[in-house]
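J.: Single-letter residue listing:
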Amino acid sequence: MTFLGFPLESWVAQLYVGLVNGCVFILLALGLSIIFGLMGIVNFAHGVFYMLGAYAAYSVIAATGSYWLALAAAPLIVGVLGLGVERGIIRRIYGVKNAAFAGVLVTYGLSILLPDFVRMLYGRPGKPVRIPPELTGDLLTIGGTKLGAYRLFILIVTAVVVPLLWLLLNKTNLGLVIRAGTSDSLMVQALGINVSRVWTITFGLGIALAAFAGVVTAPMLAVSPEMGGTILIQCFIVVVIGGMGSFAGPIVGGLIIGQVLSLTSMVYDVLADVIIYVAMAAVLLLRPRGLFGVEGIED
Amino acid sequence: MAAGALSLLRRDRAPLVALLLLVAPFVADRTPLYTALLTEALVFGLFALAFDIALGHSGMLSLGHSALFGVASYTTGLLLAHRKWGVGESVLAGMLAGLLTAAVMGGLALRKRGVYFAMLTLALSQIPFFAVRMTLDITGGDDGLSGIPKLALAFPFDLPLSKHPRNLYFFVAAVVGLCMLMVRRILRSPFGRAMRAVRENEERARTCGYDTQRIKLIAFLLSGLFAGVAGALLTVLLEFVPIENVHWSMSGTVVIMAMFGGSGTFAGPFVGSTVFLWMKDYLSKRIEFWEVFVGGTFIIIVLFLPEGIVGTLKRHLRARGGPAAGTIAASPRPRAPASPTSEP
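Protein chains in written order, with the numbering used here: chain A, 1046 to 1344; chain B, 204 to 547.
Read the hints as simulated data drawn from the structure, not as lab findings. None of these values were measured; they are calculated from a predicted model. A portion of the hints provided could be inaccurate.
To be verified - Derived DEER-like restraints, expressed as beta-carbon distance ranges:
1. A:A1204 / B:M385: 55 to 65 Å
2. B:M385 / A:P1170: 45 to 55 Å
3. A:N1215 / B:P235: 36 to 46 Å
4. B:A217 / A:G1220: 53 to 63 Å
5. A:A1235 / B:E403: 22 to 32 Å
6. A:P1170 / B:W481: 23 to 33 Å
7. A:A1194 / B:E403: 51 to 61 Å
8. B:M385 / A:L1049: 48 to 58 Å
9. B:H285 / A:L1049: 30 to 40 Å
10. B:A377 / A:L1121: 57 to 67 Å
11. A:A1235 / B:M385: 45 to 55 Å
C-beta atoms are modelled at their ideal positions from N, C-alpha and C, and glycine is treated no differently.
Model the full assembly from the supplied sequences, consistent with the hints where possible.
T.: Written as structure tokens, this is what we have:
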């Protein structure tokens, strides 16, 4: 049985791959969206922190041999680095005129600096990260197509992390402060809450999420200093399509972009790189604030 | 007589700039700025000036200028290599290509403002990059576009360009000089004021009756036009189109150049491009990982020198200008905010 000239099994396999890619986009775009929501900063270094997460995982595995340790340690290491970046650099631009532009420019500078720094430390060629032995092999085989077990693992961790994040933001005191700070940080400050510390924590949290995405994708591609470039732009598209300011936006946007990329690469792979930009243009023309965007936040 | 000339120069610096452009190649080879580097600095200075029409003068941070620049340089390159057009027509076609690309990009991205605009321009600028990679047989893909024949200017007089660095310099300097005059005219016109009004406070400008959306679109088109000239000139200069011209890192380069020199000032983009290219030339010959310094310098500029080289110098000169300039002008301005658009 075929559909559009491709056997049904290929469609299933491709949908599966797209779903898993979507999960990675969700992890990245949620971090991007949380940082933007609270601090008003579009983190152009987000892709670079994703790359650093993968390199941190490589280093931890090289030192200890354990992927599982890397999975826990790499987001922690890079998250702490993120705290340092917020304290050392980003902090200095709060409150200035046009802080949003300054934020873009500073993080853009980081995205030039850090990859070269990684090249200096690790060399230019990419580094391999192996799939942990527990997760090698295929989950099941439909017809001739295989569904890798490692991809299912990515699916599961995303399904665990995203609800945890929702609980953190919606059911804890910290989450309450973050959400309140998103709508009016001055008022929160006036109520005697140390907003400045919350900003630091939020930035670190977003960065840790990016690094986590880096760790889980590391075994599926060569870890290289450039890996953060394209995916950052794809995440911007996810956020633009989904809409800023809501929890559902990055999730739906991520799932859509994951499928679009995966399916076009099967049907007509020449267009795979371009089609997401067309999709973005279409959403913008029809609904400028994105599918789930909150009105008024886009200025 | 001399005093008269001096006061004329104080009012209008154009003759001074023209003289500087005329003399520069005869002095350049004795300094670290050899003629070829100087020519490239002029081209990138024009690109940074074009970019700054959007950022420094209208308050639009575009991260997609690589598309405007790159499409123009590919258009010029394709016409020179495959259609055997003359240099003049090809550069004009490149200029139009920059304008058209800006029309498409601006038409879509200007639906959003601020950082969203920046994100959208960045995303849209990826389309020409992938288009070049997809049309490997015409554009040469990742290897860049080669096959441009030996170039010579036919109009207004015959002038061989290939392998004649000084001729090339004067051709580029003439075009860039002309563009500088045009940009200056625009910035001093009522439209230029409207652009600055939008930059300072879009809401207020709209309340005053300005069609801010139209002003921003026109400013973006002008930016694309001059970025197109710069892209076309780079093709003539290199006789080759590297794919980097249309890669998003080119957008980063032009932001750095404009901010480095001083966004919102007229001389800033040229100072920025010259210092940047010299730094790159100097560092890349000595240090393998020179981008660490570029990125680091960039962060330091944004944090500590937000007005750039020219903007900071201007402020210090104004502060030292003494009581003659009036007490308000003489008093140092309040600590400038870390905004790329602080200096008119």
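J.: Would you mind marking each hint as holding or not holding in the structure?
T.: A quick look at each hint next to the structure:
1. A:A1204 / B:M385: 55 to 65 Å: holds (58 Å)
2. B:M385 / A:P1170: 45 to 55 Å: At roughly 47 Å between Cβ atoms, P1170 of chain A and M385 of chain B fall inside 45 to 55 Å, so the hint holds.
3. A:N1215 / B:P235: 36 to 46 Å: violated (59 Å)
4. B:A217 / A:G1220: 53 to 63 Å: At 60 Å between Cβs, range holds.
5. A:A1235 / B:E403: 22 to 32 Å: holds (29 Å)
6. A:P1170 / B:W481: 23 to 33 Å: holds (31 Å)
7. A:A1194 / B:E403: 51 to 61 Å: holds (58 Å)
8. B:M385 / A:L1049: 48 to 58 Å: holds (52 Å)
9. B:H285 / A:L1049: 30 to 40 Å: Taking Cβ atoms as reference, H285 of chain B and L1049 of chain A lie about 36 Å apart, which means the hint holds.
10. B:A377 / A:L1121: 57 to 67 Å: holds (59 Å)
11. A:A1235 / B:M385: 45 to 55 Å: holds (51 Å)
Of the numbered hints listed earlier, the single one contradicted by the structure is hint 3.
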